[in-house]
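Novice: Here is what each chain is made of, one letter per residue.
Number of protein chains: 2
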Amino acid sequence: MNSFPTSERTRIRRKPGRASYDEDKIFDILDAGVVCHVGYVLDGQAYVTPTAYWRHGRRLFWHGSAASRMVQAQARGMPVCVTVTHLDGFVVARTGFTTSLQYRSVMAFGRTALIDDVEVKRSAMHAFIDRLFPGRSGVLRPIRPPELDAISLIAMTIDEASAKFRADAVLDREEDLAFPCWAGVIPLRTIVGQIAADPRLVVDAAIPPNLAAYAEGARLDDVLTSLQRQYQNSGRAG
Amino acid sequence: MNSFPTSERTRIRRKPGRASYDEDKIFDILDAGVVCHVGYVLDGQAYVTPTAYWRHGRRLFWHGSAASRMVQAQARGMPVCVTVTHLDGFVVARTGFTTSLQYRSVMAFGRTALIDDVEVKRSAMHAFIDRLFPGRSGVLRPIRPPELDAISLIAMTIDEASAKFRADAVLDREEDLAFPCWAGVIPLRTIVGQIAADPRLVVDAAIPPNLAAYAEGARLDDVLTSLQRQYQNSGRAG
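Top to bottom, those sequences are chains B and X. Just so you know, the numbering used here puts 29 at position 29 of the first sequence, and the rest follows in order with no gaps. Just so you know, the numbering used here puts 230 at position 230 of the second sequence, and the rest follows in order with no gaps.
Excised from the complex, chain B in its bound form:
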């Protein structure tokens, strides 16, 4: 199994049993999400910007308006921390100290780079669409050059990363089990709702096959995970 290197910035010091540096585990958490939180420093101040991302191999991609302050700074190349978190439940224990959350998260560190070759950029933007909606880039109204110019595409190769997770139910200490207080787990999940077609379509309003994975009630993390596998198996370039 491949692992990411660790250093002071990624080594998990507390509860190492709930940490991993394994590529598979880290990719699983990344592939189950679509919004990350990008942390960066401007003039000594930390900023955390939420943005949509996608993964190709050990690289993460995101994009923004070419006019955005975040993207302009990242286009020059800067160290960032990209964090992805999934909240899975409340652990309602017999003590405040053992009350907790169930979650999966990744912190990934690397340096940003601007992708400015127009064909690479177009191809990567298509990959982002197709990672979410297989084959959809081929049916969209084609991208126009001013649209490509208006966005900046940022890539980050993951140099170091760590995963942290808690899937355990209530873990009260033996001595507290006899305390007369209810305890349990409240599971949480993000699901797909009922898809609403745009009212101004000139085509059939039926949901197209490239959105079939988004079945009403499906877990978003399962949908995104299966679409990422499909994307990787398609052999598409990032």
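Bear in mind the hints are in silico, worked out from the structure with no lab data behind them. Fair warning: there could be bad hints in the mix.
[Stated by the list, open to error] Cross-link-like lysine-lysine pairs, in silico, DSSO-like; alpha carbons within 27 Å at most:
#	chain 1	residue 1	chain 2	residue 2
1	X	K15	X	K164
2	X	K164	B	K15
3	B	K15	B	K164
4	X	K121	B	K121
5	X	K25	X	K15
[Stated by the list, open to error] Here are some of the chain B residues that sit facing chain X, going by a computed Cβ distance under 10 Å:
#	residue
6	F4
7	V34
8	A46
9	T49
10	T85
11	R94
12	V118
13	P142
14	V192
15	R200
16	N233
17	G235
[Stated by the list, open to error] Okay, the calculated bits of chain X under chain B, using three or more residues with CB under 8 Å as the criterion:
#	segment
18	172-178
19	228-234
Quick caveat, the model's predicted, so the values are computed rather than measured. All residues carry an ideal CB built from backbone N, CA and C; glycine is no exception.
Go by the hints and put chain X onto chain B.
Specialist: Quick look at chain X alone, frame taken from chain B:
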């Protein structure tokens, strides 16, 4: 209506119609969540750590192991950026350029401070429990002093904040409406699952009244919003 002050770090330059500095709007987004992403700088490197938070007035609170590197740095007082994001849907448009997400997010800036008075700390930890599970702090096995010592409680008064959101459906340009491609919205929501009682209870396994808000299928953001109102109306100290 109260607004937060703005400066270069919070002023939204792009799509100002999707931005707000109003306290009510910012509190609505904060109150609908339980996990934030805290951004901070250590040795010039940005870190983004996901953690549970709660709000009392203009103050945000979070806690961690007293041994945690993040908490130790924040205990000394440092500027941070706290970001809360809710993902509400995919906007599947006729062009890649107009394909987007529905979301609500807040970036809040301020300086951290350690709350080390033991009674204030105990009361705040009770408030966190009661904000999520009304009245529950009174039925838990009481906190022991070493447990309080093992955690550090961090507070941050919000100095500046901005909200950004997109609730709109497909916004393709008029000239693209005739393009023969399906478009629509895939709504997403985080919901409560079926509560599982701990198998080792010495009390009735029935879900207690303080968890009544967590009805199976309820939207988490609605649950957290209504519990925050209940918490504020209870007049509890932060």
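Novice: Is the interface hint satisfied for A46/B? The criterion is a beta-carbon contact with chain X at less than 10 Å.
Specialist: Status holds, d = 4 Å.
Novice: So, as I understand it, the hint says V192/B touches chain X; can you test that by seeing if any CB pair is closer than 10 Å?
Specialist: 6 Å, holds
Novice: Given the proposed pairing of K121/X with K121/B, does the C-alpha separation stay at or below 27 Å?
Specialist: Roughly 51 Å separates the two Cα atoms, so the pair is violated.
Novice: Taking 10 Å as the limit, does the beta-carbon of F4/B come near enough to a beta-carbon in chain X?
Specialist: Cβ of F4/B sits 16 Å from chain X, so the hint is violated.
Novice: Please verify whether K164/X and K15/B have alpha carbons no more than 27 Å apart.
Specialist: Answer violated: K164/X to K15/B is near 35 Å, above 27 Å.
Novice: For the hint on N233/B, does the least C-beta distance to chain X fall short of 10 Å?
Specialist: Since chain X brings no Cβ nearer than about 22 Å to N233/B, farther than 10 Å, the hint is violated.
Novice: Restraint: P142/B near chain X, CB-CB cut 10 Å. Satisfied or not?
Specialist: 8 Å, holds
Novice: Are V118/B and chain X close enough, Cβ to Cβ, to be under 10 Å, as the hint says?
Specialist: 14 Å, violated
Novice: Should the interface hint for T85/B be scored as holding, given a Cβ-Cβ cut-off of 10 Å against chain X?
Specialist: 4 Å, holds
Novice: Interface hint check: R200/B, Cβ to nearest Cβ on chain X, cutoff 10 Å. Holds or violated?
Specialist: 5 Å, holds
Novice: Holds or violated: K25/X with K15/X, Cα cutoff 27 Å?
Specialist: 17 Å, holds
Novice: Does the structure keep K15/X and K164/X at a Cα separation of 27 Å or less?
Specialist: 9 Å, holds
Comparing the model with each earlier hint shows violations of hints 2, 4, 6, 12, 16, 17, 19; every other hint is respected.
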